[in-house]
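Residue strings, one per chain:
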Amino acid sequence: MKARVFVTLKSGVLDPQGEAVRHALGTLGFDGVEAVRQGKVIDLHLTETDAEKAKRDIKKMCEKLLANTVIEDYSVELL
Amino acid sequence: MRAAVIQFPGSNCDRDLKVAFDALAGNGRTEMVWHKEASLPDGIDIVGIPGGFSFGDYLRCGAIAAKSPIMQAVVNFAERGGYVLGICNGFQVLTESGLLPGVLMQNAGLRFICKTVELRVETAESAFTSAYSVGTTLAVPVAHHEGNYRADEQTLSRLEGEDRVAFRYLDNPNGAANDIAGILSANRRVLGMMPHPERLNDPALGGTDGKALFTSLSEALVAA
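Chains W and Y are the protein sequences, given in the same order.
Following this note's numbering, the numbering of the first sequence begins with 12 at its first residue and continues without gaps.
Following this note's numbering, the numbering of the second sequence begins with 42 at its first residue and continues without gaps.
Hints should not be assumed to be uniformly reliable.
Restraint-style ranges between C-beta atoms, simulated for each label pair [claimed, not checked]: (1) Y:Pro-82 <-> W:Glu-59: 36 to 42 Å; (2) W:Lys-71 <-> Y:Pro-110: 15 to 21 Å; (3) Y:Ala-64 <-> W:Gly-43: 55 to 61 Å.
Simulated from the structure, these hints should not be mistaken for lab results.
Just so it is clear, CB atoms sit at the ideal spot from N, CA and C, and this is done for glycine as well.
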């Protein structure tokens with residue numbers, strides 16, 4: 012089974028990297044971009060075949076390692 | 042007192058920290074402990090988590106190191122009241138391992154900063170800072186890309202209210218909340234800081250502004 016984890020900065024957390032990307036887009040003439048938030052995509056290839064069990068395991072992985080929940084949110088998609 | 046320094050793949054200030062610990066009164070030899078060890082040597086009084094780029098800063102700086110086998114032993118050691126000093130990447134590891142609150146994010150200016158900055162000593166009420174006077178200005182080097190300390194408002198006001206900000210930048214280089222350069226744990230025995238006191242511990246290194254931190258520790262731990 013494959014899963015995709017999205018890790019994004021919580022709203023309200025300053026994202027200087029996203030701001031730099033927004034600025035660069037503006038330089039390229041894309042001046043309609045109000046905000047850019049940059050995050051991470053993590054693809055997991057799992058041996059687990061039970062979708063519910065996989066979701067529970069991935070939640071634990073996110074809480075323990077994949078995201079820092081002080082500043083980041085995460086969401087999971089089974090592929 | 043006996044000291045240990047943890048070594049991760051990518052640590053690069055481990056030997057500097059060992060030299061600083063070795064110079065302390067009564068500390069014959071600092072134990073160097075590889076991250077794959079599951080326990081600390083017996084009789085250790087202080088554990089140092091050095092600067093560097095543990096595990097190449099993969100995922101998030103300090104995140105992989107915080108989950109290494111030795112860190113569980115360090116967390117247990119700290120929970121039993123042991124002293125822990127985390128410098129630079131060591132500070133990042135301490136926040137990722139939950140021993141200190143908050144997180145160190147990318148510098149607000151997006152650049153790696155390698156220069157000497159001025160710090161103000163904010164508290165003398167700790168084993169790390171007792172040999173300093175509150176208000177003293179120190180000039181200490183920083184070298185980091187993720188030194189922008191962030192925590193929620195509640196955490197920040199608790200840190201301020203409990204006198205747990207150890208050092209503050211005079212001219213904030215990285216955007217850190219409340220100009221925070223270093224913080225203490227609730228029991229004041231864990232210190233995390235971005236600047237490098239171990240790099241200013243001997244006149245031959247260009248100054249001794251970091252020396253009092255190690256002197257403080259030596260006095261506190263020998264007395265204990």
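Hint check results:
no.: 1; hint: Y:Pro-82 <-> W:Glu-59: 36 to 42 Å; in the structure: holds, 39 Å
no.: 2; hint: W:Lys-71 <-> Y:Pro-110: 15 to 21 Å; in the structure: holds, 19 Å
no.: 3; hint: Y:Ala-64 <-> W:Gly-43: 55 to 61 Å; in the structure: holds, 60 Å
In this structure, every one of the numbered hints holds.
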